[in-house]
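Protein chains: 2
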Amino acid sequence: MSTNKSTIPFSRDTLEQVLKRRFFFAPSFEIYGGVSGLYDFGPPGCALQANVVDTWRKHFILEEDMLEVDCTMLTPHEVFKTSGHVDKFADWMCKDLKTGEIFRADHLVEEVLEARLKGDKAARGEATKEVEEDEDKKKRKKKVKEIKNIKLPDEEVAEYENVLAQIDGFSGPQLGELIKKYNIVNPGTGGPLEPPIEFNLMFDTAIGPSGQMKGYLRPETAQGQFLNFSKLLDFNNEKMPFASASIGKSFRNEISPRAGLLRVREFLMAEIEHFVDPEDKSHPRFDEVKDVKLSFLPKDVQVAGSNKLVETTIGEAVKSGMVDNETLGYFIARIYSFLIKIGVDSTRLRFRQHMANEMAHYAADCWDAELQTSHGWIECVGCADRSAYDLSVHSARTNEKLVVRQQLPEPVTVEKFEVEIQKKKFGPKFRKNAGTVEKWLLERTQCELEDLAKELKDTGKISFKIASIPDETIELDTEFINIEKVTKVEHVREFTPNVIEPSFGIGRIIYSVFEHSFWSRPEDKDRSVLSLPPLVAPTKVLLVPLSSHNDLQPIVKKLSAKLRKEQIPFKVDDSSASIGKRYARNDELGTPFGITIDFDSVKDESVTLRERDSTKQVRGSFEDIVAAVREITYNGVSWSNGTAKLTPFDSQSGDA
Amino acid sequence: MSTNKSTIPFSRDTLEQVLKRRFFFAPSFEIYGGVSGLYDFGPPGCALQANVVDTWRKHFILEEDMLEVDCTMLTPHEVFKTSGHVDKFADWMCKDLKTGEIFRADHLVEEVLEARLKGDKAARGEATKEVEEDEDKKKRKKKVKEIKNIKLPDEEVAEYENVLAQIDGFSGPQLGELIKKYNIVNPGTGGPLEPPIEFNLMFDTAIGPSGQMKGYLRPETAQGQFLNFSKLLDFNNEKMPFASASIGKSFRNEISPRAGLLRVREFLMAEIEHFVDPEDKSHPRFDEVKDVKLSFLPKDVQVAGSNKLVETTIGEAVKSGMVDNETLGYFIARIYSFLIKIGVDSTRLRFRQHMANEMAHYAADCWDAELQTSHGWIECVGCADRSAYDLSVHSARTNEKLVVRQQLPEPVTVEKFEVEIQKKKFGPKFRKNAGTVEKWLLERTQCELEDLAKELKDTGKISFKIASIPDETIELDTEFINIEKVTKVEHVREFTPNVIEPSFGIGRIIYSVFEHSFWSRPEDKDRSVLSLPPLVAPTKVLLVPLSSHNDLQPIVKKLSAKLRKEQIPFKVDDSSASIGKRYARNDELGTPFGITIDFDSVKDESVTLRERDSTKQVRGSFEDIVAAVREITYNGVSWSNGTAKLTPFDSQSGDA
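Each protein sequence line maps, in turn, to chains B and C.
Using our numbering, you'd call the opening residue of the first sequence number 220 and step up by one each time.
Using our numbering, you'd call the opening residue of the second sequence number 220 and step up by one each time.
Same shape as in the complex, but just chain B (with noise of 0.2 angstroms):
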């Protein structure tokens, strides 16, 4: 089932319109006016929904055992700040005092210059070159009411261009720069604006009646995992690598949502946590999937200002190095797989990968799987090494360690650093600091050891300070410590697994396969068509008693029973609208199979299967019309191997 099958060119107001009438979704709150960034799933949506969460449930945690969990939203203040989300999950924005308007910095400058370079090229009387698909962009410069047809210097617009194509990389205090420096204002009231302000995008609560402990939803499913860690590896044996895996709703404070699905405060997550030996990232399965082939945007290309994507395999992806690993490549290829079989079009779908400055520090590589829709390419699935980084942070905080011991098949050698501590010494010297400072020493690294060995060698002493206490400089001699390098055999190499982690926004896939399978039918530009792989369809099976005669009924319950015994999705529609009528409404519903009940099949018992896309029909009995449904919709077989044995069929009442 391709999409783009029609001659009439997308509209994303057609398909807009399409979602609402049949109640896709919708906003949520809409009889109190509304809250922005919030929405509710109608019974397709929902229904869709579901199927999508399914099929990620098989694809991937059945498939490759990953262990699943459930964890809560609520989350306290301490694991956040741990995290790093207290202080940097936030983005930049700036109040009009006057008007009490907020706005998010960069989209503000990104919209203001994007104006002004099109207010120029009206100027010049050059034809703007609109890129046809971004109507979003498009009606968000409409707002903006200073578009002036006025001539800029030819150095100034270059200068807008180069700010416009690093726009992402801006921290706050640039954005106040450039907003100072261009004179950007208020695009509605023309009123001066506050320098850009942090706004952390989590939103906060209150845990308990005594208002005292601070909490956060979740931005993110991915700490609960990360927490949970060593109960994991314990439930899974102690056998590395292994993957956990949650899907569950988070939450995040979006300064002004827009864009529909795309930009949400509340939206379902599907994260899975694979844990892998830093020193060893190679994947088991990587051999099945090296073949598949895919179109990159990495780095460089980026860097070097260009959009050209690197069509290759997988396998020669990691091979080259343009992908880091093994397993990183292989849940790529996963991901792939995934999208293609919940209706994304393989040729709106591209791997583009973090640049440098984009990446947290700690990642060793990031690619995002985008898809294309008329709101430009969106990210929708993120793929990262996020490296050691967060269960380190955990464990230096909580004391836990959060590590893997495994016995070495044979015992080593080893030399290293050792502090030696006359702990009896350390109370009457230090008091209530005692403990501190001999935590301090021995989280010292080897390097610093070795660097701490040499100073009290070679002096007799060693002094240090402690964030902690402040205003004492920490002086011990050899009556205290002492620090050596030591020769030892071990048994176990413990170490801390390195995290890939790839993680889907389940609305924005949903909201891209809704664009990717819209079309209309080149006959009728009303009769709109949402082709939705059976598998993830809301409904699968339409049926339609020809008429109300009463002669119908009887096969329309035995019918009913038999499609409700196997499970399979089903609606009847017995209006009385025309046949072509209730047709369309389920075209428009995705719901890829009709079954019509006529009086041949009080009869016979003979009914008529009839195809979404093509409508075409065929014509048999009901055990091998459900047993068609059934292979094409779960089994994957395709229309016309599923339909073989069915008798084709010209339609008696036709389809208009």
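Mixed in with the good hints there might be a few duds.
Each pair may be met inside one copy or between any two copies, as identical chains are not told apart.
As the list claims (entries may be wrong) - Calculated cross-link-like contacts (lysine to any residue; reagent style SDA-like; alpha-carbon spacing at most 20 angstroms):
(1) 433 x 476
(2) 784 x 854
(3) 277 x 779
(4) 433 x 246
(5) 784 x 504
(6) 790 x 451
(7) 314 x 399
(8) 400 x 711
(9) 468 x 725
(10) 399 x 308
(11) 784 x 272
(12) 635 x 534
(13) 277 x 786
(14) 784 x 281
(15) 468 x 295
(16) 468 x 272
(17) 560 x 783
(18) 400 x 411
In short, the hints are calculated from the structure, not lab data.
Mind docking chain C on chain B? Use the hints.
Showing chain C alone in chain B's frame:
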């Protein structure tokens, strides 16, 4: 697979150890010290939960063609203000200003009085009638330090007992009086307590960057369904009755959560809102369930101070008027069959009716499915007839009609009072209040209009006050207004549907199923078994190669591939532990089937199938064994029928 098959008494401690050891669930953020009332589900708990939800979806949504929706958890203040949650969704708490401790007032009174009664019994030399199963209360009472063997006056004993019998019915001020009257203090320190104050159980947060829009995390999923009523009715082609349903997390900021999964701050709910004509609450499928026999605890029995169950069919219960109507009765029966299907012990399930003082004023009738556990009888499913309350209040607040309009079979002539307003004169007279006065008049009921019409006729004018214009008495004469009885022909009937609401607490149900299915093998109390029904068991099959010999590996691989293709969740245990140990581990995980691969399997691809509860074994081919597993697990076939064609097998390795 029946429970209670062991002669070894149930021990909650043993169950809790098993659930923890096998990571069914664990306190969230445990390495950070945990947060009370928050739990994470580990892999088996998560799979069990997913299977319970999947069964629920099929049992209710698919079977009854309900409209599933997925609404946001974040909810603006106004919605819960209207629903009554902002004002009434609260518990009463007492603070100890010295220690900062906070007590839930009703629990405190209950614990202290119970402790005193116990001390009294001891002083009188009477044996305390300890309810064997209520270990939780025992633990709580231990915390009450003031248990002293002091004999109380007989009247005081009677008073305490009377208070305890009504403990769920006291208001906050009443609890405050009891605390004063009985001199109840902080049981730990003896220090004084502040009078009870209300604590709202909703978590609050701010939506958007301005911090101006107050929001809450929903404490139930229902409101989202009510707010979407008109869209759902439209989606259902205006047909009535119909039901919506929702599965998702809800949040309650409990004052002092305890009792594990039974009282938590974040929990999974599954709720149905069945919209029905208030004048016809019959149910078309009631006949299918009318003979289901249930245990009822009706309100009059409770009011009479008894716990004696009434055993009767749901058909009789509705006929006698004990259960208000057929639709409510239908859902009670369907709740019963769902609970049995997922492993609830029918002898420990009762339906308790709410007494008049427990029920909201608008509710017509309400029954809770209660499950008996070591914590006592626990409310796990509520089933209430909420009348037209919710739709009415949201409609009144938003001025959006939330009604059904039905074409009458024949036009009817009605007499009704109507108010006629001289709009043009309202503006000059009332200025900015004109709209408010007009709205007030148009919203009067027929009874109110009748009174006003009389006043107007008798005195030539009407006068009234409006809450939102407090300082003014409004007077209107016939120049401004006319109120008269008119005769009208109506073709359409307009009504606000009533709502029947079955509401499931999934975590509580799962915990009760744990207790109902847990037992220890009589021959060895350390060998525990979770007799979960195969349908919901986390893993269906354990694959056990008899030894780690290389010859067995290809068979393990082949069988794994087959099970994966059939989508039967399974695990391989090829560890070096003995067969018996490996099975014991999986008995604790509730895995219903074991397949042993031995050296005969290499020769003829035959394998042995073991049943968890009986440890019976049969032998057959791959195909036949997998077919048997599928039939028993998913099609409700019994072990003896499912394995009738297979060969009984005497263990060659024993189960020990």
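Q.
Flag every earlier hint the structure violates by its number, smallest first.
A. 8, 10 and 12
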